[in-house]
Amino acid sequence: MRYSALSIIKNGLTGNKGWKPVWREPDPKQHYDIVIVGGGGHGLATAHYLSKKYGVTNVAVLEKGWLGSGNIGRNTTIVRSNYLLDGNQPFYEHSMKLWEGLETDLNYNVMMSQRGILNLAHSDAQRDAFARRGNAMLMSGADAELLDIDAVRDMVPFLNFDNARFPIKGGLLQRRAGTARHDAVAWGYARSADSHGVDIIQNCEVTGFTIHDGKCTGVQTTRGTISANKVGVCVAGSSSMVMAKAGMRLPIESHVLQAFVSEGLKPTIPGVVTFGAGHLYISQSDKGGLVFGGDIDGYNSYAQRGNLPVIEHVAEDMMALMPFLGRARLLRMWGGVMDMSMDGSPIIDKTHIDGLYFNGGWCYGGFKATPASGDAYAHLLATDRPHETATQYHLDRFARGAMIDEKGAGAQPNLH
Amino acid sequence: MIIHHPLLGPRDASEFVHLGDATLLSRPDWQADDAIAQFHEYLYQRENPAGEYRELWYHEQGDRSWLIITRNTLTHEISSVELARDVARKGSAS
Ligand SMILES: Cc1cc2nc3c(=O)[nH]c(=O)nc-3n(C[C@H](O)[C@H](O)[C@H](O)COP(=O)(O)OP(=O)(O)OC[C@H]3O[C@@H](n4cnc5c(N)ncnc54)[C@H](O)[C@@H]3O)c2cc1C
Numbered sequence: 001m002r003y004s005a006l007s008i009i010k011n012g013l014t015g016n017k018g019w020k021p022v023w024r025e026p027d028p029k030q031h032y033d034i035v036i037v038g039g040g041g042h043g044l045a046t047a048h049y050l051s052k053k054y055g056v057t058n059v060a061v062l063e064k065g066w067l068g069s070g071n072i073g074r075n076t077t078i079v080r081s082n083y084l085l086d087g088n089q090p091f092y093e094h095s096m097k098l099w100e101g102l103e104t105d106l107n108y109n110v111m112m113s114q115r116g117i118l119n120l121a122h123s124d125a126q127r128d129a130f131a132r133r134g135n136a137m138l139m140s141g142a143d144a145e146l147l148d149i150d151a152v153r154d155m156v157p158f159l160n161f162d163n164a165r166f167p168i169k170g171g172l173l174q175r176r177a178g179t180a181r182h183d184a185v186a187w188g189y190a191r192s193a194d195s196h197g198v199d200i201i202q203n204c205e206v207t208g209f210t211i212h213d214g215k216c217t218g219v220q221t222t223r224g225t226i227s228a229n230k231v232g233v234c235v236a237g238s239s240s241m242v243m244a245k246a247g248m249r250l251p252i253e254s255h256v257l258q259a260f261v262s263e264g265l266k267p268t269i270p271g272v273v274t275f276g277a278g279h280l281y282i283s284q285s286d287k288g289g290l291v292f293g294g295d296i297d298g299y300n301s302y303a304q305r306g307n308l309p310v311i312e313h314v315a316e317d318m319m320a321l322m323p324f325l326g327r328a329r330l331l332r333m334w335g336g337v338m339d340m341s342m343d344g345s346p347i348i349d350k351t352h353i354d355g356l357y358f359n360g361g362w363c364y365g366g367f368k369a370t371p372a373s374g375d376a377y378a379h380l381l382a383t384d385r386p387h388e389t390a391t392q393y394h395l396d397r398f399a400r401g402a403m404i405d406e407k408g409a410g411a412q413p414n415l416h
Numbered sequence: 001m002i003i004h005h006p007l008l009g010p011r012d013a014s015e016f017v018h019l020g021d022a023t024l025l026s027r028p029d030w031q032a033d034d035a036i037a038q039f040h041e042y043l044y045q046r047e048n049p050a051g052e053y054r055e056l057w058y059h060e061q062g063d064r065s066w067l068i069i070t071r072n073t074l075t076h077e078i079s080s081v082e083l084a085r086d087v088a089r090k091g092s093a094s
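Order-wise, the sequence lines are chains A and B.
Under full-length UniProt numbering, think of the first position of the first sequence as 1, with each following residue one higher.
Under full-length UniProt numbering, think of the first position of the second sequence as 1, with each following residue one higher.
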């Protein structure tokens, strides 16, 4: 399916009846070179890079529901590369570069909008920590600017600067960060992978793995048994449940994260703003709705819905930072199941079972990682070697004491 | 979520903090030959079930007791609440 201004006008005038499906709906074949389990952002991106960049086209993506039903269609769409640690920052900067070229690569409008992210600092110590983080970002080739109070005031004059308890002391700005349209990212990757010959099979749940003598040779699904040379799992919040079918326990807990959208307002907030004293991040969508969220609820959950205490916390943060939003009404809210890892960083690795690969532990931050995760996973599946920006994302790093713990919070998923 | 505290009755979940799997009550023997492997399992590897889950909560904004709560992670429904010290005494944390 191709789009043009002319096709939009033509279809608009003829009742929008001329649109065609964007990808095929094939039945599963008996064998594939590579089977990808999970048709979220990461699974679809992996299929795209496998087929386009690494030349492996006999590939299937098996998705238990419909494309976009998981976290790829539930996130607050923030894209950034402002990490601190060596294991993470080069990977996220690689992702940012891929985002910058994504629309050309896919020939699809993913509404990538580099409107910037501003992390606010509320104490001298926090500002110093931001200076250090900014330097780490610069060293990875990313952009970072440390703003003083006046520069923050110029940019976002509407904030409550004189909050007695959490005064604003400055901020860390990444101008290349921003937002992208989450559904379009899934659809763009799906369309591209499909056009390179990948079979995208929806309503196909993987119920087990075929494993003999320590080698995985395929999967059992609700649509029959499929054999494969390699199986790559990337099922985000369902990671523990799916890998348990291969007899594995993971350094992961599933937690719920909520997101909120207000009624449409006139342009108010220019980029993404985060409150450094509580947990709030907020941006405004092109339709005018404020898109915002806070922390995970803090207890294990597969429910895809959260509870009131977090909503209250997020609303309080918003009133502390932007009191003028007090009369905006909440339009929608929902939850997604996060694969929270034990150090807050992801895993892209082989398993101890030959032919079985695992990608997960993305916590609340895997949307920005979608392109790099797809590229690195495709690289690993195609070559059996980790991508140069993803060399530390090993499953056994906890046993070796090689954690990548950005927050230094320890083995406590609800604190990351 | 309302947690029915065995001593204090129904309390809002926001008074509590969540620690994690109730098996954390049974610390491995540090003198065992495979203590390193056991502690790796204990600290980092999780069952993470979808369904019934026994977990440790701490009543931080209340009487500071540790509780073991059995909760369904698919529905958030709580089916039992026990004092962790009672469970530890009975030796049935896992
Ligand atoms: C509310 C919220 C806000 C967020 N905000 C941000 C943000 O601002 N920035 C950011 O970077 N990240 C954010 N994230 C995180 C990000 O959305 C996720 O980390 C990322 O989408 C996970 O990867 P995915 O897209 O592949 O996951 P998913 O889309 O969840 O894909 C996994 C897929 O696997 C499928 N699956 C599961 N089990 C099986 C099975 N047995 N067989 C076949 N298929 C199966 C599922 O149906 C699902 O479609 C947010 C998440 C949430 C919930």
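It should be emphasised that the hints constitute simulated quantities derived from the structure, not laboratory data.
This structure is a prediction, so every number in the text was calculated from the model and none was measured.
Any given hint could turn out to be false.
With a Cα cut of at most 20 Å, we get these calculated DMTMM-like pairs of lysine to aspartate or glutamate [what the hints assert, rightly or not]:
{"id": "1", "chain 1": "A", "residue 1": "Lys52", "chain 2": "A", "residue 2": "Asp33"}
{"id": "2", "chain 1": "A", "residue 1": "Lys245", "chain 2": "B", "residue 2": "Glu52"}
{"id": "3", "chain 1": "A", "residue 1": "Lys245", "chain 2": "B", "residue 2": "Glu15"}
{"id": "4", "chain 1": "A", "residue 1": "Lys245", "chain 2": "A", "residue 2": "Asp354"}
Problem set entry | Proposed proximity, A/Asp33 with A/Lys52 (alpha carbon, max 20 Å) | holds, 15 Å
Exercise. Is it true that the CA of A/Lys245 sits at most 20 Å from the CA of A/Asp354?
Worked result: Answer holds: A/Lys245 to A/Asp354 is near 15 Å, not above 20 Å.
Exercise. Between A/Lys245 and B/Glu15, does the CA-CA distance stay at or below 20 Å?
Worked result: violated, 36 Å
Exercise. Is it true that the CA of A/Lys245 sits at most 20 Å from the CA of B/Glu52?
Worked result: holds, 18 Å
Violation of the numbered hints given earlier is confined to hint 3; every other hint is satisfied by the structure.
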